[in-house]
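**Q** Chains as they are written, first to last, in UniProt numbering: chain A, 1 to 264; chain B, 1 to 295.
Derived by calculation from the structure, the hints in this document are not laboratory data.
Treat the numbers as computed from the prediction; the structure is a model and nothing was measured.
Beta carbons are placed, not taken as given, at the ideal position from N, Cα and C, and that holds for glycine.
Please note that the accuracy of each hint is not assured.
[Claimed, not checked] In silico DSBU-like cross-links for lysine-lysine, where the CA-CA straight-line distance does not exceed 35 Å:
#1 B/Lys82 with A/Lys166
#2 B/Lys291 with A/Lys117
#3 A/Lys117 with B/Lys116
#4 B/Lys116 with A/Lys120
#5 A/Lys236 with A/Lys247
#6 A/Lys182 with B/Lys168
#7 B/Lys82 with A/Lys120
#8 A/Lys64 with B/Lys82
[Stated by the list, open to error] A short list of chain B residues far from chain A (calculated; beta carbon distances all over 10 Å):
#9 Phe4
#10 Phe6
#11 Gly55
#12 Phe59
#13 Ala67
#14 Ile78
#15 Leu152
#16 Asn167
#17 Gly175
#18 Met211
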Amino acid sequence: MIEIQDLVKTFHRGSVNEVLALAGVNLQVRRGDFITVIGSNGAGKSTLLNCLAGSYPIDSGQIKIGEREITRWPEHQRATLISRVFQDPLLGTCGPLSIEQNLALANRRGRVHGLNKGVKRSDRNLFRKQLSQLGLGLENRLKDSVGLLSGGQRQALTLLMATLVKPEILLLDEHTAALDPKTALQVLELTEQLIAEQHLTALMVTHNMRQALQLGNRLIMLHAGRIILDVSGDEKSRMTVEDLLEKFYAVRGEEFVSDRMLLV
Amino acid sequence: MTYFAFMGALEQGFAYGFLVLGVYLTFRVLDFPDLTVDGSLPLGAAVSAVAISAGIDPFVSLLFALAAGFCAGMVTGILNTKFGILHLLASILTMIALYSINLRVMGRPNLTLLGKPTVLEPLTNAGVGMFNAAPLLFGILSVLALLLLFWLLHTAFGLAMQATGANKQMITSQGVNTDRIIILTVGLSNGLAAASGALLCQSQGAADVNMGVGTIVAGLASVIVGETLFGHRSIGRALLAALLGSLVYRLAIALALSLKLGNFSFTPSDLNLLTALLVVIALTLPGLRRKVLRR
Numbered sequence: 001m002i003e004i005q006d007l008v009k010t011f012h013r014g015s016v017n018e019v020l021a022l023a024g025v026n027l028q029v030r031r032g033d034f035i036t037v038i039g040s041n042g043a044g045k046s047t048l049l050n051c052l053a054g055s056y057p058i059d060s061g062q063i064k065i066g067e068r069e070i071t072r073w074p075e076h077q078r079a080t081l082i083s084r085v086f087q088d089p090l091l092g093t094c095g096p097l098s099i100e101q102n103l104a105l106a107n108r109r110g111r112v113h114g115l116n117k118g119v120k121r122s123d124r125n126l127f128r129k130q131l132s133q134l135g136l137g138l139e140n141r142l143k144d145s146v147g148l149l150s151g152g153q154r155q156a157l158t159l160l161m162a163t164l165v166k167p168e169i170l171l172l173d174e175h176t177a178a179l180d181p182k183t184a185l186q187v188l189e190l191t192e193q194l195i196a197e198q199h200l201t202a203l204m205v206t207h208n209m210r211q212a213l214q215l216g217n218r219l220i221m222l223h224a225g226r227i228i229l230d231v232s233g234d235e236k237s238r239m240t241v242e243d244l245l246e247k248f249y250a251v252r253g254e255e256f257v258s259d260r261m262l263l264v
Numbered sequence: 001m002t003y004f005a006f007m008g009a010l011e012q013g014f015a016y017g018f019l020v021l022g023v024y025l026t027f028r029v030l031d032f033p034d035l036t037v038d039g040s041l042p043l044g045a046a047v048s049a050v051a052i053s054a055g056i057d058p059f060v061s062l063l064f065a066l067a068a069g070f071c072a073g074m075v076t077g078i079l080n081t082k083f084g085i086l087h088l089l090a091s092i093l094t095m096i097a098l099y100s101i102n103l104r105v106m107g108r109p110n111l112t113l114l115g116k117p118t119v120l121e122p123l124t125n126a127g128v129g130m131f132n133a134a135p136l137l138f139g140i141l142s143v144l145a146l147l148l149l150f151w152l153l154h155t156a157f158g159l160a161m162q163a164t165g166a167n168k169q170m171i172t173s174q175g176v177n178t179d180r181i182i183i184l185t186v187g188l189s190n191g192l193a194a195a196s197g198a199l200l201c202q203s204q205g206a207a208d209v210n211m212g213v214g215t216i217v218a219g220l221a222s223v224i225v226g227e228t229l230f231g232h233r234s235i236g237r238a239l240l241a242a243l244l245g246s247l248v249y250r251l252a253i254a255l256a257l258s259l260k261l262g263n264f265s266f267t268p269s270d271l272n273l274l275t276a277l278l279v280v281i282a283l284t285l286p287g288l289r290r291k292v293l294r295r
């Protein structure tokens with residue numbers, strides 16, 4: 001169970017460029033939830049994920065994973081519980097290192113990186129087995145440097161690395177947005193497969209409403225730093241893209257009205 | 001070039017080999033331009049000279065120098081990571097602070113080791129000539145350092161070190177505290193630089209507070225010359241290239257100094273100009289080669 005309470009985040013605080021990115025987000029994620037996150041540009045989707053992962057310090061609020069209050073944990077410490085896949089395929093893997101070395105680092109997520117051998121022989125068998133389920137032939141290229149791989153291959157590898165040690169929560173930030181449609185579909189299928197197999201808890205940001213409805217058991221919509229829709233189960237599976245758009249414009253319309261009333 | 005000049009260049013090349021391996025660690029692996037070495041090399045010399053003068057075994061004095069250099073490097077690392085000072089500036093701050101510290105350590109601007117034992121004594125006592133003993137011993141020591149670094153870079157810590165230099169976001173997401181990696185690696189690099197200083201002061205017979213001037217440029221020149229000539233496709237190759245680069249650099253300098261064109265010859269005061277030229281050539285050569293090959 002992951003609890004987010006009154007999360008507030010402002011960028012450029014105190015300057016003319018001040019932006020309220022998260023205006024008090026409350027969210028309870030149950031174990032095994034696969035939540036898709038949608039919202040327009042600047043709604044706060046990525047900021048929410050970055051605040052969860054600890055990339056940005058937050059202004060106020062509380063984040064709890066299980067019984068652990070992690071609000072003040074630095075990013076690398078949170079990484080022992082949280083794993084993530086970024087939009088940029090280059091960000092999740094280390095180019096100059098080989099495939100097996102990248103996997104070895106991921107296989108030690110949350111443990112001390114000490115003076116023991118980086119890649120052990122027993123690791124290699126595990127890595128080969130794990131890589132073979134990607135169906136990309138990477139299991140025969142353990143020693144190739146990751147810089148030689150395509151964006152899609154790197155993103156698939158990042159996904160595998162993020163789940164090699166089971167995380168409490170997996171954060172996916174538009175992780176297929178930078179890939180071509182065919183590769184994006186493959187990576188998405190892999191995402192579904194890994195989440196289902198390991199019963200992972202996941203938050204997935206996407207711009208594609210159809211995708212957001214298709215995947216996962218729960219959907220939240222962010223607008224102006226707030227969660228304006230939170231549906232799950234049957235209610236979610238009955239929803240259509242038109243319903244989502246309607247909800248979205250309804251919220252925007254209300255705001256418009258209230259603004260005008262202020263002026264009058 | 002005379003035989004003595006040749007052996008002298010080898011001696012210098014191997015003694016500076018530690019420094020060059022250290023510079024490779026910071027500049028290439030960690031992507032951290034570290035000028036601390038200009039201060040930590042004479043620090044190593046000072047610590048070693050003072051220790052030997054106090055009657056401590058010359059080999060043990062090497063360890064003292066290493067430890068002192070390590071601490072100096074950690075200061076730079078901490079200034080950068082914990083206080084958020086730009087890496088270049090952090091290293092310059094430590095470097096100038098070390099100038100005063102080195103004077104304090106020695107109590108005077110230079111300290112001679114005349115008549116004192118050095119690490120070369122066991123070899124010269126065994127009948128090896130002075131001009132052969134230093135290149136031999138320093139060669140063995142620097143190859144040992146190379147092997148140790150090769151091992152280190154393939155440990156889990158070493159992989160995290162490489163990833164910290166290449167992709168900080170990735171390695172942070174794998175739960176590694178990059179601050180700690182940076183502090184330890186810059187420390188290690190400066191420990192190696194200090195070891196260079198200790199060996200140099202023992203072979204030259206004196207430690208001098210100004211002996212560190214231009215260290216970083218020489219170190220960088222060696223790394224780049226090595227990469228250009230010997231490649232850097234794998235870690236092992238890059239380490240070897242760095243050490244060989246140190247030898248080539250010192251040989252090139254010795255060659256230039258022994259050059260006579262009519263009445264003209266270079267003097268040691270021309271060294272900085274020669275180094276700068278060498279670095280420029282080494283930096284432009286790979287690009288030039290690519291251009292020519294493309295045609």
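**Q** Would you mind marking each hint as holding or not holding in the structure?
**A** Hints, verified against the model:
1. The straight-line distance between the Cα atoms of B/Lys82 and A/Lys166 is roughly 31 Å, inside the 35 Å bound, and the hint therefore holds.
2. For a cut-off of 35 Å, the pair hint linking B/Lys291 to A/Lys117 is broken: about 41 Å separates their Cα positions.
3. Restraint check for A/Lys117 and B/Lys116: the C-alpha separation of about 42 Å exceeds 35 Å, so the hint is violated.
4. For the proposed pair B/Lys116 and A/Lys120, the alpha carbon gap of about 48 Å is over 35 Å, so the pair is violated.
5. Annotation: proposed proximity of A/Lys236 to A/Lys247 holds, straight-line Cα distance about 13 Å (limit 35 Å).
6. Taking the CA atoms of A/Lys182 and B/Lys168, the gap is about 30 Å. The hint holds against a cut of 35 Å.
7. Straight-line distance between C-alpha atoms of B/Lys82 and A/Lys120 comes to about 33 Å, which keeps the hinted pair within the 35 Å bound.
8. For the hint pairing A/Lys64 with B/Lys82, the CA-to-CA distance comes to about 26 Å; that is within 35 Å, so the pair holds.
9. For B/Phe4, the requirement that its beta carbon stay farther than 10 Å from each beta carbon of chain A is met, with the minimum near 42 Å.
10. The beta carbon of B/Phe6 sits about 36 Å from the closest Cβ of chain A, which is more than 10 Å, so the claim that it is off the interface holds.
11. Distance check for B/Gly55 against chain A: the nearest CB is about 34 Å away, which clears 10 Å, and the non-interface claim stands.
12. For B/Phe59, the requirement that its beta carbon stay farther than 10 Å from each beta carbon of chain A is met, with the minimum near 24 Å.
13. With a cut of 10 Å on Cβ distances, B/Ala67 stays outside the contact zone with chain A, its closest approach being about 18 Å.
14. The non-interface label for B/Ile78 is consistent with chain A: the shortest C-beta to C-beta separation is roughly 16 Å, beyond 10 Å.
15. At the 10 Å boundary, the C-beta of B/Leu152 falls inside the reach of chain A, the nearest C-beta of that chain being 8 Å off.
16. For B/Asn167, the requirement that its beta carbon stay farther than 10 Å from each beta carbon of chain A is not met, with the minimum near 5 Å.
17. Not every Cβ of chain A is farther than 10 Å from the Cβ of B/Gly175; the closest lies at roughly 4 Å, contradicting the non-interface assignment.
18. Separation of B/Met211 from chain A is adequate, the least Cβ-Cβ distance of about 33 Å exceeding the 10 Å criterion.
This entry does not satisfy hints 2, 3, 4, 15, 16, 17, going by the numbered hints stated previously.
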